[in-house]
Amino acid sequence: MTDPDFKSFRRVVTTHDEAGKSIIKSIDTLTPTMIPSGDAAFQFVWTTGTVPADLNNGSDGPTAAGGLIKGGSVIRVVDMVPGKPSPMHRTFSIDYGVVIAGRLELTLDGGETVELAAGDIVVQRGTNHLWRNPSETEITRVAFILIEAAPVVVNGQVMEEVHP
Numbered sequence: 001m002t003d004p005d006f007k008s009f010r011r012v013v014t015t016h017d018e019a020g021k022s023i024i025k026s027i028d029t030l031t032p033t034m035i036p037s038g039d040a041a042f043q044f045v046w047t048t049g050t051v052p053a054d055l056n057n058g059s060d061g062p063t064a065a066g067g068l069i070k071g072g073s074v075i076r077v078v079d080m081v082p083g084k085p086s087p088m089h090r091t092f093s094i095d096y097g098v099v100i101a102g103r104l105e106l107t108l109d110g111g112e113t114v115e116l117a118a119g120d121i122v123v124q125r126g127t128n129h130l131w132r133n134p135s136e137t138e139i140t141r142v143a144f145i146l147i148e149a150a151p152v153v154v155n156g157q158v159m160e161e162v163h164p
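Letter 10 of the sequence shown, counting from 1, is numbered 10 in this note's numbering, and no numbers are missing.
Hints are supplied without guarantee of correctness; some may be wrong.
[What the hints assert, rightly or not] Here are the simulated DMTMM-like pairs of lysine to aspartate or glutamate, each with C-alpha atoms no more than 25 Å apart in a straight line: (1) K84 to E115; (2) K84 to D120; (3) K25 to D54; (4) K25 to D60; (5) K25 to D39; (6) K70 to D5.
Just so you know, the hints here were simulated from the structure itself, not pulled from any lab data.
Whenever a hint applies, use it, and build me the whole structure from the sequences.
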């Protein structure tokens with residue numbers, strides 16, 4: 001696939017006015033952009049620096065953090081291009097992946113692979129894994145919500161974070 005067409009989506013952010021009434025703070029149009037590895041396009045939607053989140057912090061979430069979670073939380077939309085696997089990786093976070101469109105394979109370093117379809121949700125618990133869009137032509141869109149977590153310990157050994 002050459003020159004993928006990554007679709008835009010709206011981000012609606014709420015807040016409170018001076019009287020404490022709920023209001024719309026902003027409505028933005030966001031479009032995922034290709035990451036250097038070439039297997040996906042990312043668009044950060046919001047990040048927080050801590051858990052629990054500070055709801056009194058007026059900053060715009062996406063300006064608060066970069067690529068990998070280092071505390072706090074992040075939600076991002078990922079468009080996986082056809083046929084290209086992500087690098088094998090592990091982060092110290094609990095990740096909720098919601099497949100919005102298309103199909104996606106999750107492969108674990110233990111050798112298991114499961115295929116996910118639109119509407120499926122995966123709960124990723126600090127395991128070493130990779131993602132692959134099995135389609136030959138269609139982009140797969142996934143929303144990932146990552147929340148900081150303590151490192152995984154197996155038989156007294158801390159499992160290492162693995163970054164692409």
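Taking the hints in turn, this is what the structure says about them:
1. K84 to E115: holds, 15 Å
2. K84 to D120: holds, 20 Å
3. K25 to D54: This hinted pair holds, its Cα atoms lying about 16 Å apart.
4. K25 to D60: holds, 10 Å
5. K25 to D39: It is violated: about 33 Å lies between the C-alpha atoms, which goes past 25 Å.
6. K70 to D5: This hinted pair is violated, its Cα atoms lying about 30 Å apart.
Comparing the model with each numbered hint stated earlier shows that hints 5, 6 do not hold.
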